[in-house]
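A.B. asks: Sequence:
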Amino acid sequence: MTPLCKAIDTTAASLLKPSILLHQTPLNFCHSLNYTPILNKNNLTLTSKPPPNHLRPITATADASHPAATSEIDMVRNRQGIYTSKQNKVVVLWDLDNKPPRGPPYPAAMALKTLAQKFGEVIDMCAYANRHAFIHLPHWVLEERRERKHLDILERKDIVSPSQPYVCGVCGRKCKTNLDLKKHFKQLHERERQKKVNRMRSLKGKKRQRYKERFVSGNHKYNEEARRLLTPKVGYGLAAELRRAGVYVKTVEDKPQAADWALKRQIEHSMSRGVDWLILVSDDSDFSEILRKAREGNLGTVVVGDRDRALGQTC
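Position 302, counted from 1, in the sequence shown is what the numbering used here calls 312; the numbers after and before it change by one each time, with no gaps.
Be careful, since some hints might not be right.
Said to hold, decoys possible - 20 angstroms max Cα-Cα, derived EDC-like pairs, lysine to aspartate or glutamate:
1) K96 <-> E153
2) K159 <-> E235
3) K186 <-> D168
4) K186 <-> E223
5) K123 <-> D134
6) K265 <-> D107
7) K167 <-> E131
8) K243 <-> E154
9) K192 <-> E223
10) K123 <-> D316
11) K205 <-> E235
12) K205 <-> E223
13) K274 <-> E234
14) K231 <-> D270
15) K231 <-> E200
16) K303 <-> D270
17) K265 <-> D294
18) K206 <-> D190
19) K192 <-> D134
20) K99 <-> E306
21) K274 <-> D134
Claimed, not checked - Listed next, with one range per pair, are the computed distances between beta-carbon atoms:
22) R302 <-> G215: 46 to 56 angstroms
23) I169 <-> W271: 46 to 56 angstroms
24) K196 <-> R156: 18 to 28 angstroms
25) T241 <-> S212: 24 to 34 angstroms
26) L213 <-> N233: 16 to 26 angstroms
27) D190 <-> R302: 27 to 37 angstroms
28) I145 <-> R275: 17 to 27 angstroms
29) L213 <-> L189: 30 to 40 angstroms
30) E153 <-> N233: 37 to 47 angstroms
31) D168 <-> Q204: 29 to 39 angstroms
32) H146 <-> R238: 19 to 29 angstroms
Just so you know, these hints were derived from the structure itself, not from any lab. Beta carbons are placed, not taken as given, at the ideal position from N, Cα and C, and that holds for glycine.
Make a model of the complete structure from these sequences and hints.
C.D. replies: Here it is as C-alpha cells:
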C-alpha cells in the first residue's frame, strides 16, 4: 500500500525580524490505494479520495516572552505540554446489513481499526444492522460447526486421536477429547460462574460494582474459554465480538433501508463535527450521493468493499 504523503514547506524569516512567515503547500495524497485486510478471505478494494481543499489550516503558538512571538504557527498542545502537528480525525462506519464479515468478527474489526489508524486518530467506530444480521448464521459458521461436530464424533469413537490433549484455559486440566473438555467446563467453571453472578445480584452500590469488576467481568480466563467452547444460543456472537473490538453496535428497526438511513444521518453528523476522514464499509451504491456531498464538504472518503461493486468506483 502506498503510504499517505504529506509535505509542508516552511520558511522562517530572520530571527531579528518580529514575525515568522509560514508557507503552506498542497498536501500530496495518493489517489488509489490497494489494501487487503483480514475482513475476509477474498481481496477487497480500498478506494480513497482526499478532500477537495488540500490546504489544511495549521495553528500554532509561540512563546509570548520571545520578541518574535506575535505570529501564529498552527500546532496543537498535547498532555505533556508539547506542541505537535494536529492529527486527523477519522470516523469508521460499517454497514453490516450489506457487508458482514466473511470470517471471525473480532479479527475483521481489528484489521479495520488498524487500517483506519493509518489515516489518523479513530474517534468513532460504529456498525449498523437490523436484528436479522445478528441471528443469521452465515455459511462459514455452519461449515465450521459441522466440521467440529463430525470431529467430536470421531474422537468419541476413538477413530481419531488428537496429537495433543485438550487443555482447559481456566484451570489447566487436560482432557482426552473436546467433548470431555466441554463437560468439565460446564460442570465446574460454569457453575462457579453462576454462583458469582448470583452473589453479585445480591449486592448493591459500590460493593456490587467492585465485585463485578473483580469476579465477573474481570475474569478474562473464563470469558476467553467460554467464547471458545460454548456455542451462542442465538447467532454466532457477532455483536459481542464487535463490541470486544471497540465497535459501537447499533440495532436498527426491521424496516427496509433502516440501516442506510441511520448511516446517512451519522455521515451528516460527522460532516458537522469537523472530521477529516470517513471510512465506509459497504457495497451499497445508495451511498454515492452522500459521499459526494461529504467530499464537497472537505471530507476525505474511503470505501472498503469488493472490487466489482459500483460504490467503490464512484468514490
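A.B. asks: Taking 16 to 26 angstroms as the hint, is the beta-carbon distance of L213 and N233 inside that range?
C.D. replies: holds (20 angstroms)
A.B. asks: Would you say the C-beta atoms of K196 and R156 sit inside 18 to 28 angstroms of each other?
C.D. replies: Taking Cβ atoms as reference, K196 and R156 lie about 22 angstroms apart, which means the hint holds.
A.B. asks: Would you mind confirming whether the straight-line C-alpha gap from K274 to E234 stays at or under 20 angstroms?
C.D. replies: Roughly 35 angstroms between the alpha carbons, so the hint for K274 and E234 is violated.
A.B. asks: Does D134 sit within 20 angstroms of K274, going by the straight-line distance between their CA atoms?
C.D. replies: holds (15 angstroms)
A.B. asks: Mind checking the alpha carbons of K159 and E235 for me, to see if they're no more than 20 angstroms apart?
C.D. replies: OK: K159 and E235 at ~18 angstroms, within 20 angstroms.
A.B. asks: Assess, step by step, whether the Cα of K205 is no farther than 20 angstroms from the Cα of E223, and give holds or violated.
C.D. replies: holds (15 angstroms)
A.B. asks: Check the hint pairing K205 with E235 against an upper bound of 20 angstroms on the C-alpha distance.
C.D. replies: holds (18 angstroms)
A.B. asks: Decide if the proposed pair is consistent with the structure: K123 and D316, CA atoms, cutoff 20 angstroms inclusive.
C.D. replies: holds (18 angstroms)
A.B. asks: CB of H146 to CB of R238, is that within 19 to 29 angstroms?
C.D. replies: Distance hint for H146, R238 holds at roughly 22 angstroms.
A.B. asks: Would the hint linking K96 and E153 be met if the CA-CA limit is 20 angstroms?
C.D. replies: Not satisfied, since the Cα-Cα distance of roughly 47 angstroms exceeds 20 angstroms.
A.B. asks: Is the distance from the Cβ of T241 to the Cβ of S212 consistent with 24 to 34 angstroms?
C.D. replies: Since T241 and S212 have Cβ atoms about 29 angstroms apart, the given range 24 to 34 angstroms holds.
A.B. asks: Do the beta carbons of I145 and R275 sit within 17 to 27 angstroms of each other?
C.D. replies: holds (25 angstroms)
When each numbered hint is compared with the structure, violations occur for hints 1, 4, 7, 9, 13, 14, 18, 19, 27, 30.
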